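Be aware that the sequence shown starts at 0, since it is given in numbering that gives the first Met the number 0, and climbs by one per residue.
Read the hints as simulated data drawn from the structure, not as lab findings. Remember, predicted model here, so these are calculated numbers, not experimental data. Take the hints with a grain of salt, since some may be wrong.
Simulated pairs of lysine-lysine, DSSO-like, Cα-Cα distance not exceeding 27 Å [claimed, not checked]:
#1 K11 to K204
#2 K11 to K90
#3 K130 to K90
Label-pair ranges, simulated between beta-carbon atoms [to be verified]:
#4 K11 to A81: 41 to 49 Å
#5 K11 to W244: 19 to 27 Å
#6 E4 to R247: 42 to 50 Å
#7 R247 to P8: 27 to 35 Å
#8 L144 to F122: 14 to 22 Å
#9 Q156 to R247: 30 to 38 Å
#10 F122 to A81: 34 to 42 Å
#11 L13 to R247: 18 to 26 Å
#12 K11 to F122: 25 to 33 Å
Every residue gets a Cβ at the ideal spot worked out from N, C-alpha and C, and that includes glycine.
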Amino acid sequence: MQLLEMTWPQVKALPAQTPVLIPLAALEQHGRHMPLFTDSLLLGEVIRRAHEQLADRVLVTPLMWLGNSEHHLDFAGTMSAAPRTYLDLLKEMVANFLFHGFQRIVLLTGHGGNIVPSRQALFELRQERRKDSGLLLLDAAYWSLGSRPHELDASIQQQQMGHACEWETSMMLRLRPDLVGDYQHLEPVPFGREFAPAHRAWITKDRSEPGHIGQPHLASPEKGEILFRAFSSDVVALVERMIAWDGREWD
0 MQLLEMTWPQ
10 VKALPAQTPV
20 LIPLAALEQH
30 GRHMPLFTDS
40 LLLGEVIRRA
50 HEQLADRVLV
60 TPLMWLGNSE
70 HHLDFAGTMS
80 AAPRTYLDLL
90 KEMVANFLFH
100 GFQRIVLLTG
110 HGGNIVPSRQ
120 ALFELRQERR
130 KDSGLLLLDA
140 AYWSLGSRPH
150 ELDASIQQQQ
160 MGHACEWETS
170 MMLRLRPDLV
180 GDYQHLEPVP
190 FGREFAPAHR
200 AWITKDRSEP
210 GHIGQPHLAS
220 PEKGEILFRA
230 FSSDVVALVE
240 RMIAWDGREW
250 D
């Protein structure tokens, strides 16, 4: 079910246990070879494919294209909501659905910079509503739900999501090849260790002059199809878990 196509009485009639999926993306630089709207386009396709399988079992909101992209602001065209502004916006979006009686909500992001704000927003909401039982408030990035693409196809070399990388470039080649520039001659930008296992604060310029991180030169539309199938299946599996949740179990 697409929220934007429904009337308010139709929404009101839905059971409180109906999963609500709120897609979060971004408009930000994606290297010299990819469009600013990459994250939104890719997440939109993942959601489209997942929705085809879920049909009337999930309520999907319009994609939120503005994200927390402060770390990319050195690159022209990037648009961003500051972290606290974005966090408050997400809290209010989810609070709207809580006010209308929905109990199972997932913020599904297609941009890494949204992960920390979305997680904090949900923790704050749960703490503010500690007397409410039966709430299931989740956040996830679509690429972190279980699939290991390099195990599905040995030609896929990256083992984690980068930025305008082998994975994202492949998916764009599958979805909108007309928007992809010369990726075949780009030099890899290593992920680095980031002082692991500690977590280092960074901006993109610390890590990459051209704006990409990873190996876009390895991309192909065939890999993109594998990635889309895997990631959309992961989303379906997550929503099915939300549907099956008994309202009490700590899973």
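CB-CB spacing for A81 and F122 relative to the 34 to 42 Å hint: Distance hint for F122, A81 is violated at roughly 19 Å.
R247 versus P8 beta-carbon gap, inside 27 to 35 Å or not: Taking Cβ atoms as reference, R247 and P8 lie about 31 Å apart, which means the hint holds.
K11 paired with A81, Cβ distance criterion 41 to 49 Å: Hint violated: Cβ distance 34 Å, outside 41 to 49 Å.
Proposed proximity, K90 with K130 (alpha carbon, max 27 Å): It holds: about 18 Å lies between the C-alpha atoms, which stays within 27 Å.
Given pair status - K90, K11, alpha carbons within 27 Å: Given that 27 Å is the threshold and the Cα spacing comes to 21 Å, the pair holds.
Assessment of proposed distance window 42 to 50 Å (beta carbons of E4, R247): 33 Å, violated
Satisfaction of hint between K204 and K11, Cα-Cα up to 27 Å: 47 Å, violated
Cβ distance range 18 to 26 Å for L13 and R247, holds or violated: 21 Å, holds
Beta-carbon spacing of K11 to W244 - inside the hinted bounds 19 to 27 Å or not: This hint holds: roughly 22 Å between Cβ atoms.
CB-CB spacing for F122 and L144 relative to the 14 to 22 Å hint: 20 Å, holds
Hint check for F122 and K11 - Cβ pair distance inside 25 to 33 Å: 28 Å Cβ-Cβ, so the 25 to 33 Å window holds.
Outcome of range test on Cβ distance (Q156, R247; 30 to 38 Å): 43 Å, violated
Of the numbered hints given earlier, the model fails hints 1, 4, 6, 9, 10; all others are met.
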